[in-house]
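Sequences and hints are given; from them, build the entire structure.
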Amino acid sequence: MMTHPFVRALIYLIGLMAFAGLNAAYLVWCERKGAARIQRRIGPCEVGWAGLLQPLADGLKLMTKQLLVPDGVDAALFRLAPVLAMLPGMVSLAVIPFSDTLQAREMELSALLIFAFASVGMLCVLLGGWASGNKFAIISSTRAVSQNLAYEIPMLLTVITIALIVGSLNLRDIAMEQQGNLFHWNLFRLEGWHILTMWISFIIFFICSIAETNRAPFDLAEAESELVAGYMTEYSSMGYGLFMMAEYINIVVGACLTATLFLGGWACPFGLAPGWWWFVLKIYVLIFTIIWVRWTYPRTQIYRLLNLSWKVMIPFSLVNLLITAGLVKFL
Amino acid sequence: MQALNCSVAGPALFSNEGMVGIIFLLTIAMAVAGAIIAVQSRWLVRSVAGLALCFTGVAGLYYFLLSPFLAMMQMLIYVGAISILIAFAIMMVTQADSDTKRKRNYSVLAGPIGFCVAILFFAGFTVLALSTPWQPQPHGQAGTSRDLGMALLGPHVLVFELISIVLLMAIIGALVLAQHGRHSRNREEKGA
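Top line first, the protein sequences correspond to chains G and D. Be aware that the first sequence starts at 24, since it is given in my numbering, and climbs by one per residue. Be aware that the second sequence starts at 2, since it is given in my numbering, and climbs by one per residue.
These aren't lab readings, by the way, just hints derived from the structure by calculation. Every clue listed holds true.
Stretches of chain G that chain D covers, calculated by requiring three or more beta carbons in the stretch to come under 8 Å of a beta carbon on chain D:
no., segment
1, 87-100
2, 132-143
3, 159-168
4, 188-194
Derived CB-CB ranges, DEER-like:
no., chain 1, residue 1, chain 2, residue 2, range
5, G, R64, D, I29, 47 to 57 Å
6, D, G155, G, V308, 38 to 48 Å
7, G, D94, D, G19, 44 to 54 Å
8, G, I65, D, I29, 49 to 59 Å
9, G, S248, D, H157, 49 to 59 Å
10, G, W315, D, G115, 56 to 66 Å
11, D, L169, G, K334, 19 to 29 Å
12, G, V308, D, N17, 39 to 49 Å
Ideal Cβ positions, reconstructed from N, Cα and C, are used throughout, including at glycine.
See the structure below:
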């Protein structure tokens with residue numbers, strides 16, 4: 024059945040917004056439950072069964088609170104920053120192929136689009152932090168931006184290795200290339216000796232995606248022991264809520280990207296019944312790993328973080344790129 | 002009168018062309034509004050935000066010109082890197098709470114001369130745009146990454162290599178400046 028393009032766009036818009044909102048709400052619940060279990064607590068359990076209505080209550084509370092605009096802030100930028108912070112995640116969700124037929128917009132260079140808009144999020148953090156006119160917020164936003172700039176380079180370099188192997192930056196093509204069982208996925212691919220370098224790419228990409236989304240152990244931007252709440256210090260009610268949602272949507276996008284680039288997109292590990300359910304399963308396994316890492320390792324320090332990127336990750340990813348190019352060319 | 006209206010009105014609002022037209026006007030509005038904010042704002046950081054908005058509008062225009070790769074690069078490099086570098090520079094150089102632009106004391110003639118130059122540019126571009134026989138490009142494929150690679154390392158390889166030399170010189174320059182700063186600070190510390 025051919026639906027009208029406007030109807031299709033509207034359905035996808037509503038669907039993606041619902042997906043993003045539900046993920047943002049219930050990943051907070053998952054995070055709190057996960058943290059509690061790892062620290063031998065129970066976590067939210069009062070509101071609803073197993074605390075399942077807690078995100079709803081939190082959302083209501085945030086929406087009914089007053090959005091305070093303190094004296095001495097740049098009011099326009101202060102209000103604009105959290106709204107724009109949602110933009111990159113939402114735009115990126117539009118080009119992610121959930122399955123063979125479930126993709127809002129297919130385009131060449133869709134992998135590039137995600138990175139292009141990720142930089143808008145960085146700018147929002149910087150502007151929000153500056154507009155707050157608060158020392159903690161400014162320090163935190165400069166930290167966040169230097170961290171994101173540093174980790175964007177190795178991340179893009181590892182994406183280039185994938186592009187070399189597949190010959191395309193179209194996420195759908197990249198996923199189509201890996202259809203079949205486990206040994207067709209980029210991470211475990213048997214043909215052409217790519218397995219020699221792919222796991223290095225995967226590790227670099229996964230670490231970078233954690234760092235790009237400002238998650239622990241790399242959450243220096245909101246290190247509560249030194250910076251109160253970082254760039255979100257002055258924000259109340261939904262201003263804070265939007266930054267929070269943006270963070271979780273970015274995590275979802277990072278997991279989607281990892282699943283598409285390395286783990287075969289919507290392919291099944293045993294070659295059975297490929298479809299969006301496998302994709303969603305992979306995303307949530309990756310997100311669970313990210314939560315698990317956050318509550319297992321302590322926070323690093325800012326200079327260690329930057330050294331890790333500039334002195335370890337970038338040289339490794341450059342050499343990895345060279346070796347991959349050699350493998351593609353000569354084998 | 003009715004017939005005239007219909008012929009002038011163009012495509013209906015809720016057709017594909019109408020929507021595309023609205024988005025096109027929005028990108029132009031973004032570019033112009035961003036430029037005005039960048040020039041007129043009293044606060045330097047707001048100017049940077051306006052500049053980023055303007056770059057985004059220009060990226061939209063590239064997309065309309067069937068060059069999605071250029072649009073993505075515009076977002077990645079200009080919005081992502083250049084605006085952030087400018088914002089950093091502002092934060093480093095001026096104090097965060099007192100960075101209003103200096104009061105301007107140009108001569109009285111500055112305004113009229115600027116206005117005339119702007120009008121000249123506008124007239125020039127208008128004449129150029131109206132006198133060029135535009136040929137609409139066929140809506141083919143808008144460049145896969147393979148085509149881009151072929152083009153960059155085929156016909157445009159000289160430009161590609163020259164740009165890398167410019168970047169190399171920039172890196173060397175930054176290193177020299179940073180090295181100089183480090184040595185002079187060490188000397189000052191020793192002297193003190």
